[in-house]
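The hints should help you fit chain B onto chain A, whose structure is shown.
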Amino acid sequence: MDFTWTEEQTALKRAAADFGRRELNQRLVERDEASRFSRDSWRKCAEFGIQGSFIPQQYGGLGNDPLTAMLIMEGLGRGCRDNGLLFALNAHMWSVEQPLLAAGTEEQKRRFLPGLCSGELLGAHGMTEPDSGSDAYALRTTATRRGEGYVLNGTKTMVTNAPEADLAVVFATTDAGRGQWGVTAFLVEKATPGFHLGRDQHKMGLRTSAMGELVLTDCYVPEANRLGSEGSGASLFASAIEWERSCILGGCLGTMERQLETCIAYARERRQFGQPIGKFQSVSNRIADMKVRLETARLILYQVAWRKMNGQSAAIDAAIAKLYVSESLVSSSLDAVRIHGGYGYLTELEVERDLRDAIGSTLYSGTSDIQRNIIARLSGL
Amino acid sequence: MIDPAVVEGLETFIRERILEGEEIGLTATTPLLDLGILNSMEILSLIAFIESRFRVAVPPERILADNFKDLQTIAGLVTSLGGATA
Chain A
1 MDFTWTEEQT
11 ALKRAAADFG
21 RRELNQRLVE
31 RDEASRFSRD
41 SWRKCAEFGI
51 QGSFIPQQYG
61 GLGNDPLTAM
71 LIMEGLGRGC
81 RDNGLLFALN
91 AHMWSVEQPL
101 LAAGTEEQKR
111 RFLPGLCSGE
121 LLGAHGMTEP
131 DSGSDAYALR
141 TTATRRGEGY
151 VLNGTKTMVT
161 NAPEADLAVV
171 FATTDAGRGQ
181 WGVTAFLVEK
191 ATPGFHLGRD
201 QHKMGLRTSA
211 MGELVLTDCY
221 VPEANRLGSE
231 GSGASLFASA
241 IEWERSCILG
251 GCLGTMERQL
261 ETCIAYARER
271 RQFGQPIGKF
281 QSVSNRIADM
291 KVRLETARLI
301 LYQVAWRKMN
311 GQSAAIDAAI
321 AKLYVSESLV
331 SSSLDAVRIH
341 GGYGYLTELE
351 VERDLRDAIG
361 STLYSGTSDI
371 QRNIIARLSG
381 L
Chain B
1001 MIDPAVVEGL
1011 ETFIRERILE
1021 GEEIGLTATT
1031 PLLDLGILNS
1041 MEILSLIAFI
1051 ESRFRVAVPP
1061 ERILADNFKD
1071 LQTIAGLVTS
1081 LGGATA
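Keeping their order, the protein sequence lines are chains A and B.
Numbered according to the working numbering, the first sequence spans residues 1 to 381.
Numbered according to the working numbering, the second sequence spans residues 1001 to 1086.
Bound-form chain A, shown alone (with noise of 0.2 Å):
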């Protein structure tokens, strides 16, 4: 296993957090008060690459392997305050782009993911409903084969995008009897007839993306759309969210990084009683405690990514990533408003919103509590 990164690795990472760092940041502290999602920002990263960052050329990406793309993502981490923004983006990227191009057919690659890599079109990923969450594949939403097609009804709630979407990935029973093997994906676009827009759904923090429902009433959908086979849906789906798992939080860990060195220089500037804060042990251990929490989850979360682009299964590496990075952020977010100390958790600092926003880590993608019992049931519990 080699973490070592070639110096075009180094040269993207850092050019993003540039790129997050001069381009992202704008009106940031009114956006996230005002739950706003930025599509200015949302071009700018197209125009950047990030969307087609690990797409083939051929399909209007740029062709990096997914280990290059998560670097980009921690870069971007790094530069980029909006941790809405890099939420949306994984959502898309992870969510509706790597299943299309792990399960579409040609036609559905060539239709979809260039828009899905300029900028154009903004995916979502509807998998989440009212009566089922983390029992992920009890779904109430129905696909009923009509013609040369499907008809879906159902709602889905919780769905990163939906509010700004022009494709949603669906996912349906054609077969409510079969559990998790009567689930399908369907590639459904904004303008389809019984597609609509739910309420939007207001957050504690990530405000600045956005969220909400999507309802399906007698919603005809072409065979052509189906993304894979009947029933594969949830095979589709683990694998998804195996990526998302492992890719998700390379934007963690750039925020990592970030609020380490925001706390260093606030350690060493801030006085009290006639010396920098840092020198008192009660604020440097906190850092030591970030610095060993940034390193650790770097290591599981790059071993994660290397098994994937190698090929190999990492169920269990994905599990113990998310629950180890997201758990990891909240701890360091609650020990950088600590450092901070009253200012910390003031909006204007812009400390208190990396707290708010390293709760969801914990929750979206599997909360922390399925992954643990994903973690005990392949340790052989």
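Just so you know, the hints here were simulated from the structure itself, not pulled from any lab data.
We put the beta carbon where it would ideally sit given N, CA and C, even for glycine.
This list has only true hints and no planted wrong ones.
Under the rule of at most 25 Å between Cα atoms (straight-line distance), these lysine to any residue pairs were calculated in the SDA-like manner:
| no. | chain 1 | residue 1 | chain 2 | residue 2 |
| --- | --- | --- | --- | --- |
| 1 | A | K109 | B | E1061 |
| 2 | B | K1069 | A | L378 |
| 3 | B | K1069 | A | A138 |
| 4 | B | K1069 | A | G231 |
| 5 | A | K109 | B | R1062 |
| 6 | B | K1069 | A | T142 |
| 7 | B | K1069 | A | D175 |
| 8 | B | K1069 | A | R145 |
| 9 | B | K1069 | A | Y137 |
| 10 | B | K1069 | A | A176 |
| 11 | A | K203 | A | S368 |
| 12 | B | K1069 | A | A238 |
| 13 | B | K1069 | A | R178 |
| 14 | A | K109 | B | P1059 |
| 15 | A | K109 | B | L1064 |
| 16 | B | K1069 | A | R140 |
| 17 | B | K1069 | A | T174 |
| 18 | B | K1069 | A | G380 |
| 19 | B | K1069 | A | L381 |
| 20 | B | K1069 | A | D135 |
| 21 | B | K1069 | A | S229 |
| 22 | B | K1069 | A | G179 |
| 23 | B | K1069 | A | E230 |
| 24 | B | K1069 | A | T144 |
| 25 | B | K1069 | A | G177 |
| 26 | B | K1069 | A | A136 |
Here chain A is said to cover these stretches of chain B; the calculated rule only asks that three of the stretch's residues, wherever they fall, bring their Cβ under 8 Å from a Cβ of chain A:
| no. | stretch |
| --- | --- |
| 27 | 1040 to 1050 |
| 28 | 1054 to 1061 |
Below, chain B without anything else, positioned relative to chain A:
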């Protein structure tokens, strides 16, 4: 040609780790999905076992009901993926 050692390895795993000793008269053709023996968490566990025991990678596109109906079809999947019992 399905290697009997593959069927045996799978049977032992399902008896010990999934059924946890419960006697259901498991045979090579017992319908594992129809009886609800393999749920989504058990499938994860079974795939991890297959990959480690038989040294094969199970690609997502092969994780379909038709390949997990019973011990015989799972063994057929392992064999088609080039799984080794040695």
